[in-house]
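**Student:** One letter stands for each residue in the lines below.
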Amino acid sequence: MIAEIGEIVAEKTFTLGRDSLVRYAGASGDFNPIHYRDDVAQSVGLPGVLAHGMLTMGFAVQPVVDWIGDSGKILDYQVRFTRPVVVDAADGAVVTVVAKVGALTDAEVRIDLTVTFADQTVLGKAQARVSLA
Amino acid sequence: MNPELQGRVFAPTAPYLVGREKIREFSRAVFATSPLNHDPDAARAAGYDDVVAPPTFPIVIQEATLAQLLAEADAGIDFTRVVHGDQRFSYTRAIVAGDELTATLAVTGIKSLGGHSMVTSQSTIVDASGEHVVTAISTLVVRGDE
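Those protein sequences? They're chains A and B, same order as listed.
Count the first sequence with this note's numbering and you get residues 3 to 135, in order.
Count the second sequence with this note's numbering and you get residues 1079 to 1224, in order.
Be aware that a few hints might be false.
[Unchecked claim] Derived DSS-like pairs: lysine-lysine, alpha-carbon spacing no greater than 27 Å straight-line:
| # | chain 1 | residue 1 | chain 2 | residue 2 |
| --- | --- | --- | --- | --- |
| 1 | A | 127 | B | 1189 |
| 2 | A | 127 | A | 102 |
| 3 | A | 14 | B | 1100 |
| 4 | A | 75 | B | 1100 |
Honestly, the hints are just simulated from the structure, not real lab data.
The structure presented is a predicted model; accordingly, all values stated were derived computationally and were not measured.
Input sequences plus hints: build the corresponding full structure.
**Tutor:** Here you go:
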């Protein structure tokens, strides 16, 4: 399954619409209006409605889950939220995830995620440690 | 923000019963398409009791603890100024449908940086038998006056 450090193990593009945010709000219980009302988002200095950071964290790990086939092998998953994903009402937002081997031992692999929106990374230190047992 | 929050441990949350349809709903919301998230037979074939929750599902249980923190009378946290700084989950095992989970919040770090305050909290999530399932660690950034 594993080859070497630096190898890209998964890569996927996600297209978010406003409906994706409504769906995530309902599923997660996070009804902060900055995720569905432009006027509220703009009143706090944002360009418009943003994706929930936890939505981005949630789908960013899915290419890793699909690669390992069992999310129960994930030991640890962390991210920093560094930039917002602004979701246009008409055009949505396209977010790309690249999952690369960052570190490797006999027991586990660390996958480093590069998550990009509009040519800028939106997550920092996005890492999943996966058991190879 | 009140620096005396550091080290404070909150009462455990009311038990959260994880439903199969809730896992499916959450899975659809985070683009999780693995059969283990949706199909009980596939999950059982992989050794689980029922459908498996995606890795970020513990946020649903952690949410109740963050609400405790924001509601703490002496915390001095203005919700409208809170931004999620970082998030981490450390797993003992995956959550599955049927789990009854309880979370206990501890404030592990408070610091100030450039007019902003940062509060790091840890929610320890255990199952009905008290066994550790996952620990969720969040840093919330409370923006200062601009």
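**Student:** Kindly indicate which numbered hints from before are broken by the structure, ordering the numbers from low to high.
**Tutor:** Violated hints: none at all, because every hint is consistent with the structure.
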